[in-house]
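A.B. asks: Residue numbers (this note's numbering), protein chains in the order written: chain A, 1 to 95; chain B, 1 to 475; chain C, 1 to 481.
For the record, the hints were derived by calculation from the structure and aren't laboratory data.
Just so you know, these numbers come straight off a predicted model, no measurement behind them.
All residues carry an ideal CB built from backbone N, CA and C; glycine is no exception.
One should not assume that every hint holds.
[Claimed, not checked] Residues from chain A shown here face chain B by an in silico Cβ test under 10 Å; the list is partial:
#, residue
1, Leu13
2, Arg15
3, Pro50
4, Ser52
5, Leu61
6, Glu65
7, Pro68
8, Leu76
9, Ser91
10, Pro92
[Stated by the list, open to error] Straight-line Cα separation of at most 16 Å, EDC-like style, residue types lysine to aspartate or glutamate; simulated pairs:
#, chain 1, residue 1, chain 2, residue 2
11, C, Lys321, A, Glu81
12, A, Lys12, B, Asp267
13, A, Lys25, C, Glu342
14, B, Lys122, A, Glu83
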Amino acid sequence: MIDRDQVLHVAKLARLRLSEAEMEKMVGELSGILEHVDRIGNLDLEGVEPTSHVVALENVLRADEPRPSLPRDAALASAPEPEEGAFRVPSPQAE
Amino acid sequence: MAELEAVIGLEIHVQLATKTKMFCGCELSFGDEPNVHTCPVCLAHPGVLPVPNEQAIRYALQIGAALNCEIAPRSIFHRKNYFYPDSPKAYQISQYDIPICGAGRLGDVRIHRAHLEEDAAKMVHVGSSGRIHGSGASLVDFNRGGTPLVEIVTEPDLRGAAEAAEWARLLRETVRQLGVSDVNMEEGSLRVDANVSVRPAGSEELGTKTELKNMNSFRFLQRGIEAELARQRELVEAGGTVTQETLHFDPASGTLTPLRSKEEAHDYRYFPEPDLVPIVPTEEMLREAREALPELPVARIERYEGMGLASDVALTLATDPETADYFEQVAEAADGVEPKVVANWVTGELAAALRQAEVESASGSKVSPDALANLVRLVQEKKISHGSGKTVLAALVEEGGEPEAIVEREGLAQMSDSGELEAIVEKAMAENADAVEKIREGNGKAIGAIVGAVMRETKGRADGGEVNRLIRERL
Amino acid sequence: MTNLLDLTALAAHEAMVAGDLSAAEYTAAWREAAAGDELNAYLWLDQGGEEASAIAVERDCIAPIAVKDIFCTEGVPTTAGSRILEGYRPPYTSTAVRKLIEAGAPVLGKTNMDEFAMGSSNENSAYGPVLNPWDRERVPGGSSGGSAAVVAGGLAPWSIGTDTGGSIRQPAAFCGIVGLKPTYGAISRYGMIAFASSLDQCGPLTRTVSDAALLLGILQGHDPCDSTSVGLEGGVSLPDREDLSGLRFGVPEQLAGDDLDAGVRDVFEATLKRIQDLGGELIDVSLPSAEHGISAYYVIAPAEASSNLARYDGVRYGMRKGGDGDLIEMYETTRSEGFGAEVKRRIMLGTYALSSGYYEAYYGQAQKVRTRIAEDFAKAFAGVDFVVTPTAPSVAFRLGEKTDDPLAMYLNDFFTVPMSLAGIPAISIPAGLAEPEGGGRQLPVGFQIAAPAFAEQRLLDAAYALEQGIGFDARPGGSDG
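Generate coordinates for the entire structure from the input sequences, incorporating the hints supplied.
C.D. replies: Set out below in structure tokens:
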């Protein structure tokens, strides 16, 4: 249904790291779920529009008027590593 | 090997000059302290939701109208998913297969589409802080994050680097005149990336393209494309194949380097944004967008060429609407003079005189349109010589006023007394007998010496053509 | 003197308004009760300190309320049941809670929940499971397990939760209380930590249908901060229907359920009979695509979740781990240590369903099934006023009973998911008691009524009449469970 390589690829896309044990479990669990879910693949849904919006609204817009921003210390209050008024993060791997 | 032709398309990002961000009410920032224009929404705190900026939609419709685009009757937003610190939601809200603007055209280049999206935040690289395993770090400033952008994508209709740069300039000027963006490449409110490929001339198929980024001036845009075209040509002519990749332009060296990909090509997993509802431009919105358009460069150029102006003069005026409006006022006041003569005075003599006097613009100068119109007429009617005209113009720039008064004051009226002129011509011929001899022998250029003598004597007030005629009469 | 804690929220409100009840005394009594939580239902209690100042009420005239820890409350810990938000204090308050505060309803505390609302048993919380007040060896349901347990367990007069595929209705059923999922768009989602954006809705968990109506009236409304919010035109009035005469109740063959526990089936059938006794008409209806609801739901919800949870990356708030490595290491370590197993599973599922090459087959196809389900309901409602089903296939199961089989856990949502996909309102009311398969003390069984979009008033009126007719008055009673 879904193999180890696919699971590895998906984990990378999702920025998740799975241990060997987790990986094995995940392959089995996802395969089981996908098997059930795959049933919808057999349905004849030719000509059916996919739902992309649940409420029948259009043009819900906001006037271009400024609203107060957060004071900077509030913005940084939860930051794991605030530095010089900014959010510090590690660099991507050396390019 | 068959000759290779260049195939170039441009991807342009225009930062809109709205008051607030695309999806929240934070003000746009200009060089402020980091993170002073943020809120839970643009910091992507848990539970927040986007609400689109009405003005951004309107500006996008104006851009679409200016580019003659088909406007989608219904367009939606999509999420473009990728992880990077400058993207706080880990997705960018953009538009995917149903953009607000579809096919259009500007000048000779077809537009593929134009859509709305939000800008990323800014990351500043800092050195490693002394940590043992550190590979350096970045500081993220979310002031810019969420700024409204319109992304414009052209068809690959451009065939050369210079052409691409010139068209980009036309696009920039067109958008600038809409008043929807500062479109300043150095500041980042206009970004132009290029997709470049080569193919055998006459072929319909497209070659593999590379994407060029980080060219932040028109000069660099042209240089970057030139460099890449040269590289691809050399590669293909040697029998190699072009790999699809993204190349980063380095302004210091003028070269392009491949961006080492941090991972495999992105899988953006686009899906319709469930937190936003469709945009359905109303008749009123479309009409307002069209009516908001000033006369744009392409239209003005056409109109001026129709009036007889040369293309380069028309282009110069079209990219400077204030001066163009000034020109039109002068042309109207100088009724009877050909518009192209007026245009040449405005873009030639007047421009030079303003530069000399360090005056910013025609419309801001002391030279009223009526005054210039009168001056041009005086020269056309040969009441003063062209040279005298320039002198009068300099005086107008300095002090304003009316040309007739200056002519009188400086005694610049062209010699109208033909008897006086004839006498001076005869005297000059007598004093330059050897020149006269040369002319008779067939050296036509020698007449210059005699004309020069006459001009000196008359202090430039004689009409050059008339002097020539009188001399030849007496040969 | 009546025990204050026995008053329904409505009765208390009326007494406060009439001046017969001191709001301060009433709220104090509830704070004291809440402090005696042995069900692990609360993650944070308002102890009257400075912490809660940003969400304090100015005037107190509505019963104090417990709030699922998925609603952002400024300055007050909000975890969504996850380790990745441990210690996180939002810089703003959700619209739903703001409306409660403005109405004069003090917040008692934040309730425990399945992590990021993913679960049907409240066993996926990073802060331990919630115990069902009816039997402490059993689950209260999920993901709003804490919100249901506090109401059933005498720790709050009422609460708010969220429902994405059944997360209000199913715990309400397991705990013998009322749970309402309103029409999608009736209540603002601003400040409600997102799981699946096109499905999430805030809703009341209460002792009575009238309490649910009172609470819905406070919460509903268009919010300029939520583009998808519409509110309920005309607001909400307290229900007062006497019987069900003239009303038609559709019983869908696809949702009558072959996999029902016997006891649940008995209660369901008995309730159908009760409807007839009250003058209602039962009509067979068909919802051909409804049986595929679980399949569609477990593609759409995880897909949206995979995108909504991507912001938990250790950059701007919440947990950060592995920050000494490079960026990717920080992302992976933070998310791998911060998320529990179920959340990871759904992120993986959702990412896969959206990924290149699979989008059409999974997400695209699921959204088409969704359209069909919505159409099925619309067709059915042409001939009936309501659609009725059991709320859940079983009564509350034992802790640990279904944790090894994710799919079995997902099938708990079989009856509730179709209404979520269609965006229509649905309520669960306690309809009786049944023995679990395998024997034991009798436990509550829920009865679900669904109505067309924005028909909340009619739904509440009918539910009220049925509630009165059923007369469910069983209580968890004592700490022997």
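A.B. asks: Holds or violated: the hint that leucine 61(A) contacts chain B, with Cβ atoms closer than 10 Å.
C.D. replies: holds, 4 Å
A.B. asks: Have a go at the proline 68(A) hint: is there a Cβ in chain B nearer than 10 Å to its own Cβ?
C.D. replies: holds, 8 Å
A.B. asks: Verify the interface restraint on proline 50(A): the C-beta must sit less than 10 Å from at least one C-beta of chain B.
C.D. replies: holds, 9 Å
A.B. asks: Would the stated hint for serine 91(A) survive a check requiring a Cβ distance to chain B of less than 10 Å?
C.D. replies: holds, 4 Å
A.B. asks: Verify the interface restraint on arginine 15(A): the C-beta must sit less than 10 Å from at least one C-beta of chain B.
C.D. replies: holds, 5 Å
A.B. asks: Can the hint on glutamate 65(A) be confirmed by a CB-to-CB distance to chain B that is less than 10 Å?
C.D. replies: It holds, given that the least Cβ distance between glutamate 65(A) and chain B is near 7 Å, below 10 Å.
A.B. asks: Return the status of the interface hint for serine 52(A): holds when the least beta-carbon distance to chain B is below 10 Å, violated otherwise.
C.D. replies: At about 4 Å, which falls below the 10 Å cut-off, the nearest Cβ of chain B leaves the hint on serine 52(A) intact, so it holds.
A.B. asks: Hint check: is the beta carbon of proline 92(A) less than 10 Å from a beta carbon of chain B?
C.D. replies: holds, 5 Å
A.B. asks: For lysine 25(A) and glutamate 342(C), compute the direct alpha-carbon distance and say whether it is at most 16 Å.
C.D. replies: Cα-Cα ~12 Å, so holds.
A.B. asks: Holds or violated: leucine 76(A) as interface residue toward chain B, Cβ cutoff 10 Å?
C.D. replies: holds, 7 Å
A.B. asks: Would the hint on leucine 13(A) be counted as holding, given a Cβ-Cβ threshold of 10 Å to chain B?
C.D. replies: With Cβ-Cβ at 6 Å, under 10 Å, it holds.
A.B. asks: Please verify whether lysine 122(B) and glutamate 83(A) have alpha carbons no more than 16 Å apart.
C.D. replies: With Cα atoms ~15 Å apart, lysine 122(B) and glutamate 83(A) stay inside 16 Å; holds.
The structure agrees with every numbered hint stated previously.
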